[in-house]
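**Student:** Protein chains in written order, with the numbering used here: chain C, 6 to 1065; chain H, 25 to 591.
Hints in this document: simulated from the structure, not taken from any laboratory.
Do not rely on the hints blindly, as some may be mistaken.
As the list claims (entries may be wrong) - Capping the alpha-carbon separation at 27 Å, the derived lysine-lysine pairs in DSS-like fashion look like this:
#, chain 1, residue 1, chain 2, residue 2
1, C, 434, H, 393
2, C, 916, C, 262
3, C, 291, H, 116
4, H, 361, C, 213
5, H, 361, H, 488
6, H, 393, C, 732
Everything numeric in this text was worked out from a predicted model, so none of it was measured.
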Amino acid sequence: MVGHMGPATLFNQNIINSMTKQLFAKAATIVMIIAASLLGTSSALAQNPAIRGTVVDSGNQPVIGAAVMVPGTTNGATTDLDGKFEIRVAPGTTLEISCIGYVAKRVSAANGMNVVLEDDAEMLEETVVIGYGVQKKSDLTGSVASVREDDLQNRSTSDAAAALQGKAAGVQVIQASGAPGKAAEIRVRGYSSNSGNIGPLLIVDGLKVDNIQYLDPEMIESMEVLKDAASAAIYGAEAGNGVVLITTKSGKKGEGKIFYNGQFTLSSLSRNLDIMNAADYIAFEKACGYLSDQALNDAHYDGLDVNWSKEIFTPTWSNRHTVGFSGGNDRGNLYVSLNNVHNNGIVRGDKDVYDRLTFQVNADYKIKDWLTVGVNNSIERWSTKSVSEANDNGSFMLSAITSSPLFPVSGDRALLEKYYANMIDYENKGYTLITDPDSGLYWLPPRIGSTQSGHPFVQRDASNSQSSGFSIRGVAYVNFMPFKGFVFTSRFGYRISQSNSHNYSAPYYSSNTVKSDNYSISASANNGWYYQWENFINYNRTFGKHDVGAMAGMSYIENNWDNVSASASGTDILKGYAENFRYLDYLLSDGVTKNMNNAPGRSASLSYFGRLTYSYDNRYSIQAIFRADAFDSSKLPLDKKWGYFPSVSAGWTISNEPFFKNNVDRSLVSFLKLRASWGVNGNINVLNNYPYSTSIMANAVYYQYDPDSPTLSMGSIPSGLANPDLKWETSVQLDFGLDARLFNNRLTVGIDYFNKDTKDLLVGVSPVKEVGLPAFGDLGVATNVTMNAGSVNNRGVELELGWRDQIGDFSYAINANASWLKNMVTYVEPTVGQITGRVPQGCEMGTYFEQGHSIWYLLGYEAVGFDNEGNALYRTADGGTTTSPSQSDRVDLGSGIPNFTYGLTINLNWKNFDLTIFGNGIAGSKIFPTSWRPDRKECNTYSYYWANSWDNPAVGAANAKFPAADKWSTQAFSSTLTLFDGSYFKIKQIQLGYTLPKQLTQKAKINNLRIFAALDNYITFTNYIGLDPETATNGGSAAGIDMGNYPTAKSVILGVNLEF
Amino acid sequence: MKKIFIALIVAAASLMFVGCESRLDIPRKGVIDLSSFYQTDADAESALVAAYYTTGRFLSNTMWTTAGWNDCPFLSMWEYASDEIYVAGSDKTDGQPGNEIQAFRMDYNNSLLAGTYECYYMIIKAANDVIDNFADAADTQVKKRCVAEARVLRAQAQLLLALAWGTAPIVESNLAGDAKPENASSQEAVLQWIADECDKAIPDLTSKTSVDDKKGAVKVTKEFAYALKGKALISKHDYAGAKTALKQVIDSKLYKLVPGEEMASLNHNSGRASTEAVFELNFQFFDGMNAYGRTQPNWRWLWSWRSDHMNSPTGEGSELVVGGWGWVNPSQKFVNKILEYDGMDSYRRKAWIKSYDEVLYDMPYASDKDGLTPAQKKADKTRGVMDSGLYGHVGYFMWKRLFRQEDRVMADGNVANWNLTLMRYAEVLLLYAECCAQTNDDGSGLAALKLVNERAGSKTPVTKCDMETVKSEKFLEGWLDGTRFQDLIRWGDAAKELADNGKYYPTFYDAMSKKGEAEHRGYIDESDADWCSKLYTVGFKTGKNELMPFPFNEMQLNPNLVQNPGY
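Pulled out of the complex, with its shape left as it was, chain H reads as follows (with noise of 0.2 Å):
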């Protein structure tokens, strides 16, 4: 008997020491180890994807970062600080983060600048994924694109932070959790790193194949990094070396701007990749799509209007969707200008913007089915601006960048299936026709010029290639693409043009629903227009607001950044 017990001790010992040990090494799911990346062509190719997707992302908009989930970090921060729109919304609480930009009362608290500064850093790193660990072993010709591509897309993301906060750190490797970068030495600096940048990448680009190449508009190409490199030099106002990179778009005769009659459809989906399109970001709804990552996600309802407040023209064929918050307004500033140097009958006009009659009654309605006389329009109640009003409105209808039907995939309409445009030819054409207009004009510049205006149909024809002409074109054509504060800094007019900002939120009424008129009469109500310049002071201010304030949170953990002057 003691021998079994003997026996079963043993066993029981030996049970103590099984050995587990090697169950305890559970790989992780769905993930290659760090090591074995980053090698092969593929990956390089991986690794370049995964920095158009940030890109792409974070310039769209700010989800998951400190400004929340409604904003476009391509536009919205530049438009806000401009003075080519009303910051809106359903009245004068909305909007906060805005309003205290355009009034250029914002501080280094502002949740929306923060954002905006998160995204673009989030670009670099995603560049610099590729770059840090391809640039010194390129040694195919694919890695060397995707190293170049990448180069141009850090440099993109560091022009727009050297543009907004000056002396913003240039991150050219990818920094450890506990890095405190310094400030750039200068503006000029990083602008001229940028030029330089682009420089580097040039020779491993490729271009687009023809005018129509549609897959060249939705990439990196030498052509984007030129104009890229052209916008920066001309930052720093080194016209002639802006002009010769801006020179090399225009002579790859790879573009094209499109007829008058299609201008409305840049940046929506019927102009997707367009021949007029240098690079924008390729986004198309998929089935499946991540919810998260989609592409264009709340600032669609910022940029629609407040049709809450609204009898919205939702009739058959409508290009209208229904449900915005009305953040983006034409200002009177810049409807006047268009009225007046374009004319109402211009494409540009038309595509830019709506007056109210077009909304009321060229648009359909559902009480169109009744086959409606003009008198009848102009009595019916299921139309127009309810009694709650417009407000930061004057009665005109942002148009250009509307979220229309044709953009809309989904029913609850968040995913919008349209690109992002970082450069149109337009664009190039006019900075080139600006260094023109700074240097000597060969001709070459009013040329470019004229292709603008003329594409515009508008009612005043180009016929020299000065400032005054290219700040009009400019103002004209580049509405709502985000470069109007970049443009009033480097002209010197920013405090002259941007001294009002702030003073005028009026509203807009229709006297049917407003005081019972019989017909339709929309009237623009400034009794409470200057709210904001009676509670804050307001407007551009010189030596201040040429620059953003460095967020807030940055100053507390980085020892080494310097905030701008004023702030």
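Pulled out of the complex, with its shape left as it was, chain C reads as follows (with noise of 0.2 Å):
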């Protein structure tokens, strides 16, 4: 039945293909007209003869929106509807005939002339990196996204994972601070578990590395995420938050090239701060009874109102630069570059900086015919700097949003002796009263009201930080290749790192509450060595129909570091406290604190793994995997170290069946594949410092038993209660999808369907307190009984959708993705109940982990509209209402976390000039900001919030959104009142780019030099009151709560890519 009206029903080719053909030769038509009326059409040209020409495909099928060119020159034409085109040129003229999916091809013109196109095999046998070998990408079974050179090239970051975002489905990027140096997350379908750690396993040339921050995308040849169980099985025990490998680039054949990329980039806010100005501040005190006439002219205030935000952001220049070398011969390829990078934050002064110099060198050499070496090197240098964020106590942004406009920022001595009495008092006591390096003015708090963390400048300037390393990282490895299609690979990875860090304070004070009395000083530094060691084969041969390929290989991975550090504090802690004084070696002998940490550590794993792959007729594949992996006894006991994680997928490649190609045109669809895959994964990450066993931790804590001395007795107190029954999270994820490419290749289309389980989350359960574990935090131990005791469901849906084409010297690609995930605790051990994730100081809503509620949910009170006195009025567990609401009335109110991300990237090429647009976006999500504390209500706040209030005469009672300023309580602030829909949609990159004529630039021996200037992040569509919804949707435990983070800065960027 199905046979018989199948195909030949549904994908009628007649009909489709003039559906097509009508559609290209609107689109063809219209950009001929603009191109046209560009160029001003030449009408010497019309001296030549017309010559006709056809141009086909391989299967003599007509080949439609070809461009025919005269290469180096303007004119060319279009292939029509059936594949027919017309151009005037001299016959004998070379043309170029070139479309997207097609080898372009030069030929002499000749009137009548019937040009065959071959498909564009490297096109449709692109290979993708699969962990331990390669894999053409159309032979895949399981689930990988991959992202290209060409989406990395000019990127404004400087780092590799922000590079990702909105590139690939169900690939989430969270960019949780705009500071510079600071690294984006990556998430893998979904949020898998309550631990932090949930970031993918990072495989860099076959490395694993702890972040690839100091990868820049510029060094980056391709990017896979192995989304899917069964493609991550691979790595086992470690990939139950979905692999992303990553291949650095290495030479080509042909001759050598000298390259040179440039950009500078001028940085600034990218939304307004919208905080209340001194007039608005000025009525909302007044209106919460805070503020008076009276106070104000107590306080001489003299009508200033600061711009906070003007105040502390300022646009601020950044550069970056590549040079490298790259050439390959026959036997050997070499890629050398250098790349350095300066990044200055928005944030006025050099306090939020990052440095970083990388040094790649990637060689390979083909010995002899059967043996080939080679190396892939990075070396890297970085520095940073930073201002505190995202912290409800204690936090530079949050300061910026909190602190009163009405009083100076800064002021000279003349007016801290008329004002500031208290900062003298301590001055003489002391104390430094800190100062704008720049001008040397006082920081000056304000005379009436407050801020939450104290004067923005003043935590900026309080301490001196920094923090810099130095890092090799790299493998080298041997390819024995004695017959074909036998690789046997040894591979050797190493990294190598070292940090140090300084901090330096001296006493200083601002107000009562933002002081300190101590001098403080530390220092830190940290050695690490890493290696790992793979042998593996690889074996794949073809016998007729069937393809058949093997792998098996071990690794020995095994982790060490060295740290140091000491600090010191006190009143009194250093010989001198000049700069060159300000070092551990000038602290005094006797009378200062002292503390000092070392413990070497080391950690390890032994995995065994293999994978089976067999496809008949290019129809049918089938893989298993298998891994077996083993960790050191820190994480579990050495008798249950073995982890098994098994997985299998199949795929049918439907259009390579023969009813399918009989009866499809293959001009409309090429190809049609259906996949599916199961398969297991672990999560180490969770697992650490023995958690299975109790210990006696010596000489832990003391008693004194001689009042007249303080002699210390040692005691030694047990590490906890044990758990011997642990074992490690795993995930069990399902996929299903679909791969498709049509109307010549122009469209694929990839859509996948998952559902994963993780069970046995690892969580703390607290046993009644009877039990009497000590709260000993402070040493170590653990305060309750770590158990395998949750489980969580993710499941998702992802669309990719590419469409590219050319027309005449036009060409046009466009790529989206989107990904809609649905995520849900499904069991937590009853007796642990909720979890809590974070609850800012003075709030009663904040983020739980709970059964039958999405990760990390929001729990908070849901307003329902005001009474007579512009109190709010809250639903209450019962179902009516009240205005003071109790704990127990909060309900589910939503999450941090997005349901729907999604990317677009737009690439159009014309003549010499290329546009990119680029935007990402994320809906379903979130917002909480906090900047109000019922504490210290005289703090500013945002706008929002006043210019809605009940009380607020230019709103009026009707149409308030938000209590009465007097009723503002804290559960007004821990209600639907404050929780804003996270949404938004960035244009991230808008980039013009032209490239110079080649005539122009080979006299100069130059053979490519690009120009290009480009907007990022100008344009955000949101409703969220705050500086950034991206950064407020952090992927941790926080995810939602906005307390001060650093928003990503807008830029506009000028660079240059050379080429010799």
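Both chains are given apart, each in its own frame, so use the hints to dock them into the complex.
**Tutor:** Following this line, the structure appears as structure tokens:
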């Protein structure tokens, strides 16, 4: 029955063909008209005879929309619906025929010519990296997202993770901070655990790395994300949160290249910080009874209106340079590049800076026909300074939001002496008054009012800290290829890292709550060395219609660290306090409390893994993966150390079935495949520090038996209450997918559905208090028992669409991706109930982890209106309303995790111009900005609240969205009244480039010279009231709580790409 | 050539099975294997030290517990539930959990009660680490003594639990993570169990070597065990039993009240391990002290004057440390009693509280260096209460447990160099006198009372040993020692004495700063003193407030736990 009505009906060749032809014809016409009008078609060309011809593909089907050009000129034509074209050139002129999906071809012009274009095999045979091997994209049975070099080129971010944002469905990139040097986090297919460690496993050229911040996107050839469990299973116990595989660039055969890419970036605040101005602030504080004209008079208020946003943020220049060399021949390839990043953040001054120098050397050489050796090395030097953020108590960013606008930011000595007697008083006692390093003026606290975290610039300048480091990461490998299809690889990977940090602060005074009585100084030196040794065999052969592949290998990984830190604090600690004394060497020998820390550590793991693939006739593929992992005894007891992670996946390429080929025009549907996979992965990040065992912490505590002497008698304590039955968290995931290429490969479609169950989450279960587990948080005693006591389900749909086409010398590509995610905590051990994530100070709304809710959902009050006095009314648990709800009235108000994320990239090329527009967005998330505390009512806050207050004369009670000023309460700021839609769409980049004509540049021996200008983060669509909905959406247990996060800046970028 | 390949393949295959597995065994650092510990005398001593540490830490502060960082479980909860003080702070919004307890409007959600409950059981756990591992295998005198000391530390914690919660479970040995213990059968049974535990311990305990032996004052001794037994038995109204036990302490002649002139040093650095201390937890600052293990952390802020509402006496030689939250202020009832009974000039009054005039004129101020006359001092604007006033204050300032310069070892003031006294000889004498008054005094009760009364320099000499006299002396002598609530319950006076708790929170102002008068004049403003009773039903409720509620979280987790009546 199905066969009978089947493909012929569904894919009626003629109908669809004519539809697509009409579509192309229209598009082509429009573009040609535009092109013609821009160029002002030369009439001189009309003198040549018209050459007519046809372009067909290898199946003798017409190729529509192919460009027929005279190389190096603007003379060209486009094929029509029947593949026909007409161009006025002299016979014998060289023509270049090109079309997307086909290999371009140069032919000699002749009337009546028939050009046959071959399929672009490279495009169809694109390979992807899958872990210990590569696979043709068309043969994939799992779900692997791939991001290519083109998408990573000329991005303004210097962080490889950030460059993934919006580029692959199912991969969410969270930029929790816009501060320089803050790495973006990656989440693959949702949020699987209550643990904070739910980032994917990161592998660069086969080396497991702890971050990819050192990698400049410019150095990356491709990034593959193994999304489904079946693909990721090759990394077993560490793959439960997905795997990101990164391949750095290598030299290419052909003449060597010298290249330089440069960017100069001017960054500034992307959105206005919308906090109350002086007039609004005074009106509001009067309305709530805090301020009076008398008080303003007494404080000598002079009408000042400080715009803190202008004080704090300032446009800054950053730059980035890459210089490199690459080349190769039949036997070897070499790629060398040097990348320098200087990123100065938008906070005034140089306290938020990130500098990085990376040197990459990739080389391989075929010593013998059966032996290749190679190395990939990355040497990084970095240093960073930062201001505090994302903290509800002591954050630079939060103090910017909450500072009173009425009083000067800084002032001279005269002003200080006039109004700030307490500061003078403390200065006389030896405290430093912190001054603006630029102007020498004193930072002044408000004379009335307050800020939630002190003066922003006091926050910035009170201490001096810097950290920097040096790392080498690399692999060296040998490939033996003793016979056809067989490759044995022995690969040694290594990471050597060294970092230092220094911190110094002196006693200072700003206000009674923002001061320090002590000097403190600290320094740390961290050393780490890591190595992995992997040996694996790949064997791939084709026997007739049977493609067989096998891989087997082992891996041993060891990580070592040896960190030393020391600190001291007190009222008098150093022999001198001039700048050249601020080192631990100059500590006073007596009477100074010193802390020192050092304990070298090591971790190790051993794994065996294998993969079998079989496909028949390019139609049926099946793949099975198995991995066994053992970790060291700090994670699980040695007798339970092995974990086993199997997976299977299968694919059916329908488009290669005879019935399909025979019935469906391949210019309509050239590729169609269905995939299904199942697999098990683990998560080892959550098991640390011997959670399964109780030991005795030797001499951890003391008692003093002699009242005349502080001599200590030392005591030993148990390290907690152990759970010897611990096992690791595992995820079981099902995936169904469809891949298709349509319309002569112009349109690519990928759809995936996944369902991922993560079980045996590690949950800290508190026993009843009578058990008496001591609250020795400071001593490292576990105050709860770690149990496998939770489950989370993530499921979703991912869609990737790509369209690319070329019409004459105009080519364009549109790539879009979207993913829908549903996340649910399906089980939590009943005695645990609710796990608290983050409840900001002075609030009753926070994030919680609880069965039946989304992970880290927001629990707060549901506001339903106002009473006659301007109090907010809240829904009670029994369905009534009240003005004073109790905590049991709180309900699930959503979550900071979006359920829809999407990205869109548009590339346009016309002649020497190129234009890229890239945007991404999220929807369905909530943000709770914290900017108010019941005990700090005199702080400033977002304008929104007062602008919508019940008693604001400009609003009127009927339109109020917020209670009367004197009725603002903890509950109001813990309810739907202060919860905002976190959805946004950002145009992340608009980039316009121009490549100088080759004829011109080649005179200067320049192969390629491109200049470009870009606008980054210039347009954001959102209803959020805070600075940046993007950074407010962070990925941890504080998801959706904006405690003053550093916003992403908008930037103007000028750049150049140069190649010799 | 083929052979090379084969050789390579073999090499390759062998590489895949190199023995790395042994590298996976990584011993934990800084720990001892559980199975090899708890064996020797030294291990027993080490475990006992941990029990002392835990007792000291969690009777002194609630840090890292539900109650937050600010309270002292040995004192705070017990003081809040009394008529001795006002739970004050900056204003009426401050210190709500404490105010809830004071006004007897607390419920099972009170975080301070939950934290205190937690603290007591952590001490019991640490003691059980000693008892569980050594009691059955106490083959040496050292082990026997360690078990005995741990037994008494555990009994002390169980006593506080019994007095607060009645039937809080007895935990005789360490519980498993999934344990759901049941209530004790009755409060009396727990009190008897405590007395029996003391009896079990006494034979293996040591005594002080002399009156001046300081080391014997900071560890569990026979005499402390007797005192504790006496306190447990008197709490169940077994006066004869209690008297016998307490008499052992008196008859040991190892304790002596410090002279009246030195009373102000009690509970302070200079009074460390005095002749009067029966047991105090010893804490001395040392270089490198773990800031979290610091002995007397944030509650020193609570138990200090609200100095940001005052121009405090900070002149040369001042005892005061600036920086305090002023949570513990003498109640009018206590002030009246001590002035009327002891008189202004008694040692006890001077050591326990200071009048506003003393604060203004007798304490050193910076302006004193100009050699001010009394009249100039009266008009000096650099001293005295600011216009914000002192909330919950009647013009007398707590001095007994004020954090003083002598107790201070670090500039930030968080580490206090003072001990926590769990039992003072004065309390032993008063408990003994109470037993005599309740039975039939043979004269020894009166003698005990006289010791306390005369040392205090009270203007009211004691002439007989009756309950009225005992109550007066205990109220005054035991002020801020955390026993008032226990005493009132035992005496059956709680309903009467605590009926007005929560009804009166006056504010103390100085007319100079508040009204612009030329001279200092302190006065009490009662305009909002009844705010709490206007909002809540306050005061002690018979049949309910004799016991505290079990914390909500415990009730949630443990179906076997039965809530106290009325909650």
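**Student:** The structure should be examined with respect to each hint, and the outcome stated for every one.
**Tutor:** Status of each hint after checking the structure:
Annotation: proposed proximity of residue 434(C) to residue 393(H) holds, straight-line Cα distance about 17 Å (limit 27 Å). For a cut-off of 27 Å, the pair hint linking residue 916(C) to residue 262(C) stands: about 23 Å separates their Cα positions. Restraint check for residue 291(C) and residue 116(H): the C-alpha separation of about 22 Å stays at or below 27 Å, so the hint holds. At most 27 Å may separate the alpha-carbon atoms for a hinted pair to count; residue 361(H) and residue 213(C) exceed this at roughly 75 Å.
Distance restraint check for residue 361(H) and residue 488(H): the Cα-Cα separation of roughly 19 Å lies within the 27 Å cut-off, and the hinted pair is therefore satisfied. Our distance criterion of 27 Å between C-alpha atoms is broken by residue 393(H) and residue 732(C), whose separation comes to about 71 Å.
Hint check: violations occur at hints 4 and 6; the rest are consistent with the structure.
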